[in-house]
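For this one, chain Z is given, so just place chain X on it according to the hints.
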Amino acid sequence: MGMTNDQLERYSRHIILKEVGGKGQKKLLQSSVLIIGAGGLGSPAAMYLAAAGIGTIGIVDADEVDLSNLQRQIVHTTADIGKAKVKSAKDTMEAINPDVTVNAYRQFVTSENIMDLIKDYDFIIDGTDNFPAKFLINDACVMAKKPFSHAGIIRFKGQLMTYVPGEGPCYRCVFKNPPPKDAVPTCKQAGVIGAMGGIIGSMQAMEAIKYILGIGNLLVGKLLTYDALTMEFHTVQLPKKVDGCAVCGDHPTIIKLIDYEQAECSGK
Amino acid sequence: MKINVAGTDKEYAAGTTISQLIAAEDVESPDYVTVSINEDFVKSSEFSTRQLQENDKVEFLYFMGGGC
Chain Z
1 MGMTNDQLER YSRHIILKEV GGKGQKKLLQ SSVLIIGAGG LGSPAAMYLA AAGIGTIGIV
61 DADEVDLSNL QRQIVHTTAD IGKAKVKSAK DTMEAINPDV TVNAYRQFVT SENIMDLIKD
121 YDFIIDGTDN FPAKFLINDA CVMAKKPFSH AGIIRFKGQL MTYVPGEGPC YRCVFKNPPP
181 KDAVPTCKQA GVIGAMGGII GSMQAMEAIK YILGIGNLLV GKLLTYDALT MEFHTVQLPK
241 KVDGCAVCGD HPTIIKLIDY EQAECSGK
Chain X
1001 MKINVAGTDK EYAAGTTISQ LIAAEDVESP DYVTVSINED FVKSSEFSTR QLQENDKVEF
1061 LYFMGGGC
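Chains as they are written, first to last, in my numbering: chain Z, 1 to 268; chain X, 1001 to 1068.
Don't read these hints as lab results, they were simulated from the structure.
From the three backbone atoms N, C-alpha and C, an ideal C-beta is built for every residue, glycine too.
Treat each hint with caution, since some may be false.
If you anchor each label on the Cβ, the simulated ranges turn out as follows [unchecked claim]:
id, chain 1, residue 1, chain 2, residue 2, range
1, Z, Asn113, X, Gln1020, 18 to 28 Å
2, Z, Phe156, X, Lys1043, 28 to 38 Å
3, X, Met1001, Z, Lys18, 41 to 51 Å
Okay, derived cross-link-like pairs now, BS3-like style, lysine-lysine, Cα gap no bigger than 30 Å in a straight line [what the hints assert, rightly or not]:
id, chain 1, residue 1, chain 2, residue 2
4, Z, Lys87, Z, Lys176
5, Z, Lys241, Z, Lys256
6, X, Lys1010, Z, Lys18
7, Z, Lys119, Z, Lys241
8, Z, Lys241, X, Lys1057
9, X, Lys1057, Z, Lys18
10, Z, Lys176, X, Lys1043
11, X, Lys1043, X, Lys1002
12, Z, Lys146, Z, Lys181
13, Z, Lys119, Z, Lys256
14, Z, Lys83, Z, Lys26
15, Z, Lys26, Z, Lys146
16, X, Lys1043, X, Lys1010
17, X, Lys1057, X, Lys1002
18, Z, Lys222, X, Lys1043
19, Z, Lys222, X, Lys1010
20, Z, Lys188, X, Lys1057
21, X, Lys1010, Z, Lys145
22, Z, Lys176, X, Lys1057
23, Z, Lys241, Z, Lys23
24, X, Lys1010, Z, Lys23
25, X, Lys1043, Z, Lys240
26, Z, Lys210, Z, Lys241
27, Z, Lys210, Z, Lys26
28, X, Lys1043, Z, Lys146
29, Z, Lys241, Z, Lys145
30, X, Lys1043, Z, Lys256
31, Z, Lys210, X, Lys1010
32, Z, Lys23, X, Lys1057
Next up, chain Z with everything else stripped away, as it sits in the complex (with noise of 0.2 Å):
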């Protein structure tokens, strides 16, 4: 597949970079990946991977735009609220790059259509706002042997990690199960800054694109924070395994998915 002349032109600070050059660029072009959650950490790793030239980009949320997202939802502005967060969302990358096939699926990831929905896709950001989808996302990847990056935000801090399988400790090795309901603060509670979503979920866009070129190092058993009030990043080194774990161990005792009991911020 040869790139046209737009895309060379479009594409021309990717290509002049070593580490990406035209064979990269093309790497990217068919490379396919799934987006869970069209909000904080969602949008910047839609419209950062669409101006990227990823060929296929999937976008999973069931929510419509509510105004309350406007302060760091970026991938949709104040006419799209009321509409279907994914119908935004394709709106924005397609006008962002026509290069990109968006595929936006209105639903929330349950244990029914998980595996049906990562199936295609070579790596997953978990851009999701509760720990029982976080906690899904992670044992679905798992089982499929899917690369993907998990995030979480908060006021002034984030947090990131990617899962390569076979490589590195898994979300559950790390966290073990979902806290009960309520006992940790969500982002509706507790709030979040708006550019902490930008930061947090450009940084698993970059994630996606190292993993699709096969350069550099991945977050694979390192937790990286940041607390945007000191301005530190810190990187905490995982176990290389975590014996036991209950998904990605010898042994594992989940080998079905789970719905674990919904304890998200709504997205509002």
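Chain X alone, transformed into the frame defined by chain Z:
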């Protein structure tokens, strides 16, 4: 004794347990924090008994659910 907590060197009394460190560091949602010492996770059932050693490198890993 000197220990390292989340990348910062700190001074704590010998014999300090993980539970005492969690309280002293004012850890948020302490019942739901994951603790690693020298890059190994510690079972929460051991927090009240396991004593920190000189030069231990302690990390707190927090649930962060937001993405919305």
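Against the structure, the hints come out as follows:
no., hint, verdict
1, Z:Asn113 <-> X:Gln1020: 18 to 28 Å, "violated (46 Å)"
2, Z:Phe156 <-> X:Lys1043: 28 to 38 Å, "holds (31 Å)"
3, X:Met1001 <-> Z:Lys18: 41 to 51 Å, "holds (48 Å)"
4, Z:Lys87 <-> Z:Lys176, "violated (34 Å)"
5, Z:Lys241 <-> Z:Lys256, "holds (22 Å)"
6, X:Lys1010 <-> Z:Lys18, "violated (43 Å)"
7, Z:Lys119 <-> Z:Lys241, "holds (25 Å)"
8, Z:Lys241 <-> X:Lys1057, "holds (18 Å)"
9, X:Lys1057 <-> Z:Lys18, "violated (38 Å)"
10, Z:Lys176 <-> X:Lys1043, "holds (11 Å)"
11, X:Lys1043 <-> X:Lys1002, "holds (23 Å)"
12, Z:Lys146 <-> Z:Lys181, "holds (28 Å)"
13, Z:Lys119 <-> Z:Lys256, "holds (16 Å)"
14, Z:Lys83 <-> Z:Lys26, "violated (33 Å)"
15, Z:Lys26 <-> Z:Lys146, "holds (21 Å)"
16, X:Lys1043 <-> X:Lys1010, "holds (23 Å)"
17, X:Lys1057 <-> X:Lys1002, "holds (10 Å)"
18, Z:Lys222 <-> X:Lys1043, "holds (19 Å)"
19, Z:Lys222 <-> X:Lys1010, "holds (23 Å)"
20, Z:Lys188 <-> X:Lys1057, "violated (33 Å)"
21, X:Lys1010 <-> Z:Lys145, "violated (41 Å)"
22, Z:Lys176 <-> X:Lys1057, "holds (21 Å)"
23, Z:Lys241 <-> Z:Lys23, "violated (34 Å)"
24, X:Lys1010 <-> Z:Lys23, "violated (49 Å)"
25, X:Lys1043 <-> Z:Lys240, "holds (17 Å)"
26, Z:Lys210 <-> Z:Lys241, "holds (23 Å)"
27, Z:Lys210 <-> Z:Lys26, "holds (14 Å)"
28, X:Lys1043 <-> Z:Lys146, "holds (28 Å)"
29, Z:Lys241 <-> Z:Lys145, "holds (16 Å)"
30, X:Lys1043 <-> Z:Lys256, "holds (25 Å)"
31, Z:Lys210 <-> X:Lys1010, "violated (36 Å)"
32, Z:Lys23 <-> X:Lys1057, "violated (43 Å)"
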